[in-house]
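Asker: Sequence:
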Amino acid sequence: MMSEEHEAHTLVEYLPTPSLLRRMSCWMYEGMLLFAVVFIASYLFSSLTQTRHGLQNRLGQQIFIFSVLGVYFSWFWHKGQTLAMKTWHIRALDRQGQPLTQRRALGRYLLSWVWFVPPLMLSQWLQAPLKVGLLLCPLWIVFWASLTFFRTDRQFFHDYLAGTRLVDVRPAKIAPT
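Take the sequence shown: its letters are residues 185 to 361, numbered as in the working numbering.
Take the hints with a grain of salt, since some may be wrong.
Said to hold, decoys possible - For each label pair, taking beta carbons as the anchor points, the in silico distance ranges come out as:
(1) Ile249 x Leu345: 43 to 53 Å
(2) Thr233 x Leu331: 32 to 42 Å
(3) Tyr213 x Arg335: 47 to 57 Å
(4) Ile249 x Arg287: 36 to 46 Å
(5) Gly254 x Leu323: 24 to 34 Å
Stated by the list, open to error - Simulated crosslink set (EDC-like; lysine to aspartate or glutamate; CA at most 20 Å straight-line):
(6) Lys263 x Asp352
(7) Lys270 x Asp352
(8) Lys315 x Asp337
(9) Lys315 x Asp278
(10) Lys263 x Glu214
Since the hints were derived computationally from the structure, they do not count as laboratory data.
From a predicted model like this one, the values you see are computed outputs, not experimental measurements.
Even glycine gets a Cβ: it sits at the ideal position worked out from N, Cα and C.
Kindly produce the complete structure, drawing on both the sequences and the hints.
Answerer: This is the structure:
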């Protein structure tokens, strides 16, 4: 049993981590795809609650969208990839190289909010306008992404905390004959 665990752990260490540029490109593409998910979820929420104004039921809508995104990411990460990750040939695995459990995928989803929450909380704490928080977000994203250079495996810190890792699953190039 122990040797199987050791072999799996050793194997996952040899799976290459996608470059930061590829992961961030995938991240941006995911954001574009999420526009449709959020749009449909918002439309569904507004229709079901008979919301006629954008500021009505705002907290309820935020909770609903947060939940929909949680289901979206947990489901696709449990299967290995979101559509954006499939396009960029990136897969989410646990530290042993196995597909994520629903629980681990949900944990990764919750921890991934570290990309946005700290600058927004800082602007709230400073009692600054929302636009200050939105301006701080890109700076925080660059900072958070650059922390990967301090890890030997080049994984994001939230992946480390979640017990997950992103791996490069590009198909092998076939040499011309």
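Asker: Now, for every hint given, state plainly whether the structure supports it.
Answerer: Hint-by-hint comparison with the structure:
1. Our hint of 43 to 53 Å for Ile249 and Leu345 is violated, since their Cβ atoms are close to 24 Å apart.
2. Checking the proposed 32 to 42 Å range against Thr233 and Leu331 shows it holds: the Cβ atoms sit about 40 Å from each other.
3. At roughly 24 Å, the beta carbons of Tyr213 and Arg335 sit outside the given window of 47 to 57 Å.
4. The beta-carbon spacing between Ile249 and Arg287, approximately 22 Å, falls outside the hinted interval of 36 to 46 Å.
5. Taking 24 to 34 Å as the suggested C-beta distance range, the pair Gly254 and Leu323 conforms, at roughly 26 Å.
6. For the hint linking Lys263 to Asp352, the alpha-carbon distance of about 16 Å falls within 20 Å, and the restraint holds.
7. For a cut-off of 20 Å, the pair hint linking Lys270 to Asp352 stands: about 10 Å separates their Cα positions.
8. Under the criterion of a C-alpha separation no larger than 20 Å, the hint pairing Lys315 with Asp337 is inconsistent with the structure, at around 35 Å.
9. Only pairs whose Cα atoms come within 20 Å are accepted, and Lys315 paired with Asp278 is rejected, the gap being roughly 37 Å.
10. With a C-alpha separation of about 16 Å, the suggested pair Lys263 and Glu214 falls inside the 20 Å cut-off, and the hint holds.
Consistency note: the structure conflicts with the earlier hints numbered 1, 3, 4, 8, 9.
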